[in-house]
Amino acid sequence: MNASDERPFGVGDPRDFLEIDALLDDEERMLRDTVRRFVDDRVLPDVADWFEEGTFPRDMAKDLGALGLLGMHLEGYGCAGASATAYGLACLELEAGDSGARSFVSVQGSLAMFPIWRFGSEEQKQRWLPPMAAGEVIGCFGLTEPDSGSDPASMRTTARRDGGDWVLNGTKMWITNGSIADVAVVWAREPETSAIHGFIVPTDTPGFSAPEIHRKLSLRASITSELVLDDVRLPDEARLPEVATMRGPLSCLNEARYGILWGAMGAARACYEAALDYAGSRIQFDVPIASFQLTQRKLVDMMVKVNKGTLLALHLGRMKDRGQLSSTHVSFGKMDNVREALWVAREARGVLGANGITLEYPVIRHMNNLESVYTYEGTNEIHTLVLGQAITGISAFRA
Amino acid sequence: MNIVVCAKQIPDPAEPGELDPETKTLKRDGKLILDESDMYGVEMALQLADNAGGGEVTLVSMAPDNKVDGIRTGLAMGAAKAVLVSDPALAGTDALGTAKVLAAAVGKVEGADLVLTATESSDGYTGTVPEQLAELLGLPSVTFAKHIEIADGKVKVQRQTDAGYDEVECPLPCVVSVTAGVVEPRYPSFKGIMAAKSKPLDQLALADTGLEADQVGWAGGGQEIVGVEDAPEREAGEIIEDDGTGAEKIVAYLENLKLV
Chain Z
400 MNASDERPFG
410 VGDPRDFLEI
420 DALLDDEERM
430 LRDTVRRFVD
440 DRVLPDVADW
450 FEEGTFPRDM
460 AKDLGALGLL
470 GMHLEGYGCA
480 GASATAYGLA
490 CLELEAGDSG
500 ARSFVSVQGS
510 LAMFPIWRFG
520 SEEQKQRWLP
530 PMAAGEVIGC
540 FGLTEPDSGS
550 DPASMRTTAR
560 RDGGDWVLNG
570 TKMWITNGSI
580 ADVAVVWARE
590 PETSAIHGFI
600 VPTDTPGFSA
610 PEIHRKLSLR
620 ASITSELVLD
630 DVRLPDEARL
640 PEVATMRGPL
650 SCLNEARYGI
660 LWGAMGAARA
670 CYEAALDYAG
680 SRIQFDVPIA
690 SFQLTQRKLV
700 DMMVKVNKGT
710 LLALHLGRMK
720 DRGQLSSTHV
730 SFGKMDNVRE
740 ALWVAREARG
750 VLGANGITLE
760 YPVIRHMNNL
770 ESVYTYEGTN
780 EIHTLVLGQA
790 ITGISAFRA
Chain L
347 MNIVVCAKQI
357 PDPAEPGELD
367 PETKTLKRDG
377 KLILDESDMY
387 GVEMALQLAD
397 NAGGGEVTLV
407 SMAPDNKVDG
417 IRTGLAMGAA
427 KAVLVSDPAL
437 AGTDALGTAK
447 VLAAAVGKVE
457 GADLVLTATE
467 SSDGYTGTVP
477 EQLAELLGLP
487 SVTFAKHIEI
497 ADGKVKVQRQ
507 TDAGYDEVEC
517 PLPCVVSVTA
527 GVVEPRYPSF
537 KGIMAAKSKP
547 LDQLALADTG
557 LEADQVGWAG
567 GGQEIVGVED
577 APEREAGEII
587 EDDGTGAEKI
597 VAYLENLKLV
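In order, the protein sequences belong to chains Z and L. If you count the first sequence from 1, you need to add 399 to reach our numbering. If you count the second sequence from 1, you need to add 346 to reach our numbering.
One thing to keep in mind: the hints can contain errors.
[Said to hold, decoys possible] Simulated restraints on C-beta separations:
{"id": "1", "chain 1": "Z", "residue 1": "ASP420", "chain 2": "L", "residue 2": "ASP366", "range": "22 to 30 Å"}
{"id": "2", "chain 1": "Z", "residue 1": "SER680", "chain 2": "L", "residue 2": "GLN569", "range": "39 to 47 Å"}
{"id": "3", "chain 1": "Z", "residue 1": "TRP742", "chain 2": "L", "residue 2": "GLY567", "range": "51 to 59 Å"}
{"id": "4", "chain 1": "Z", "residue 1": "LEU758", "chain 2": "L", "residue 2": "LEU372", "range": "37 to 45 Å"}
[What the hints assert, rightly or not] Which chain Z residues stay away from chain L? Per the calculated CB distances, all over 12 Å, these:
{"id": "5", "residue": "GLU451"}
{"id": "6", "residue": "ALA594"}
{"id": "7", "residue": "THR644"}
What the hints contain is simulated information worked out from the structure, not anything from laboratory work. Backbone N, C-alpha and C fix where the C-beta goes; we use that ideal spot for every residue, glycine too.
For reference, chain Z alone in the conformation it holds in the complex (with noise of 0.2 Å):
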């Protein structure tokens, strides 16, 4: 018999059922307070009124920088060389205030830096890490084409050779923060050998736009743009030298995929929070909706669901702490996680009833978000392919 057995009968706590809080440790909780706190004072006063206006302030990027989120799983170079665990953990906080404010913070480190600092030269490293790390310098990844989606192989952007230059032609396509980005790494094929180079592309160089993509219905508070490559002139030193394979973006998603794995329970909190607290104090028929039995089921549903998957995504942390996280892992844990974050939105939006469809609630806009964040960075169908191949040794996608 231990103190936990001793508590009465049908209490638990509804932010923290199973208690997972005591699975992190002092640091990781100071951390993990330290980034709810910033959304409380930064982002959630004015996150509405930015989706709804369809903006990203651009000046958040230096803040998001002096707390040390751009790029913070990454050693040196400017950045904070936190555990997989603790950026896991800033993610879903992020993600609590909006799957825009994750999604820059993704792309940023996960996307932008991390090719740089992982197959970039020691004289790439210096020039773009630290000024990205302080948010002095923002980034985007371009590797999606209007007709290269879950195939990205099949990408038409080419990289010729020119004398000692590289010439880029071609369009990428839903790049976040792609027209307030200093820097882009692109991604393009060289048609003579089909290698597959990353290039640091400031945003400035002649033949380079990247035109702003409009009347999205979700992540409205994120820029989403294409980006166009017009005879771009690069010199040499604007190749990443470390690779010339699928394997260099691949990588880069796998690092953001892991971030998603984890925002999207911050996405689900919010609502289920939302529901529950709607629920206690929405009165018909003179008793709290929460009295419903029909009402319970639906929040108990979702508290079990952010339990389940804040659960999965701290184990597939502490795997990639230990370094024994596979990309399948990461597959697992992106395709569920996502898929029930958007199923417990839903559910909240239900609760909410009429105010269920407004931004002066969070949940229509974690709804409307997470219908993004389920088709992006591999879409459900996708990963749950990579999941089917990795159990019967059968790929259903790919010959």
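Dock chain L against chain Z, hints included.
Same frame as chain Z, but now just chain L:
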């Protein structure tokens, strides 16, 4: 410029606090956090040290059970080291006893040019410790600082008053209490958080302070809490019907509360 900041660790005000019915004091056996009113002092100290082109910020604290969570927050914000006094004999220590312990802890910090405190803690609210500490240290003090500058061996303080502020100068070393809200405390950076646990933390028992058990704790208390009552129910507000003098009446009401 070496600055000492008194940093109280208190039960999280966001959690419902509980009084011990026997001692009539706040229960402090759970997690303690850095009192928000001390974050302003920490921030002010970090800025002053930066402006002076160097120097160390040291935190001093008294807490039960060697609790360090709140101190770690201050270290993560950028303080260089900390002195913590913790001893079972300190349970029940009143404001003057606290000042004695803090004075002893400040005495352990070499070369302190300036001691910063909050004007009052967010849990005890006596607001007396800064002056008691100054007296015990034999230092001059300035209270309610909203802005501090250091030059030529002096502090120049904007001292908040009901009407605005006074400009006050005081020779170093001295004790200055910092008004809540006058600076924006920085978020601890991740590098700061990770560095915090390896920063020097000098943990002292009562015996290390040179104080005797009968000077502190319940035994040394010069005051006693004789009763605790629930806060009175909020009374209904005053309704002013506007007969043309409504604005004046509201201004008079606010003036009475010293809000304008």
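Status of the hints after comparison with the structure:
no. : hint                            : result
1   : Z:ASP420 x L:ASP366: 22 to 30 Å : 25 Å, holds
2   : Z:SER680 x L:GLN569: 39 to 47 Å : 42 Å, holds
3   : Z:TRP742 x L:GLY567: 51 to 59 Å : 58 Å, holds
4   : Z:LEU758 x L:LEU372: 37 to 45 Å : 40 Å, holds
5   : GLU451                          : 27 Å, holds
6   : ALA594                          : 36 Å, holds
7   : THR644                          : 33 Å, holds
Checked against the numbered hints given earlier, the structure satisfies every one of them.
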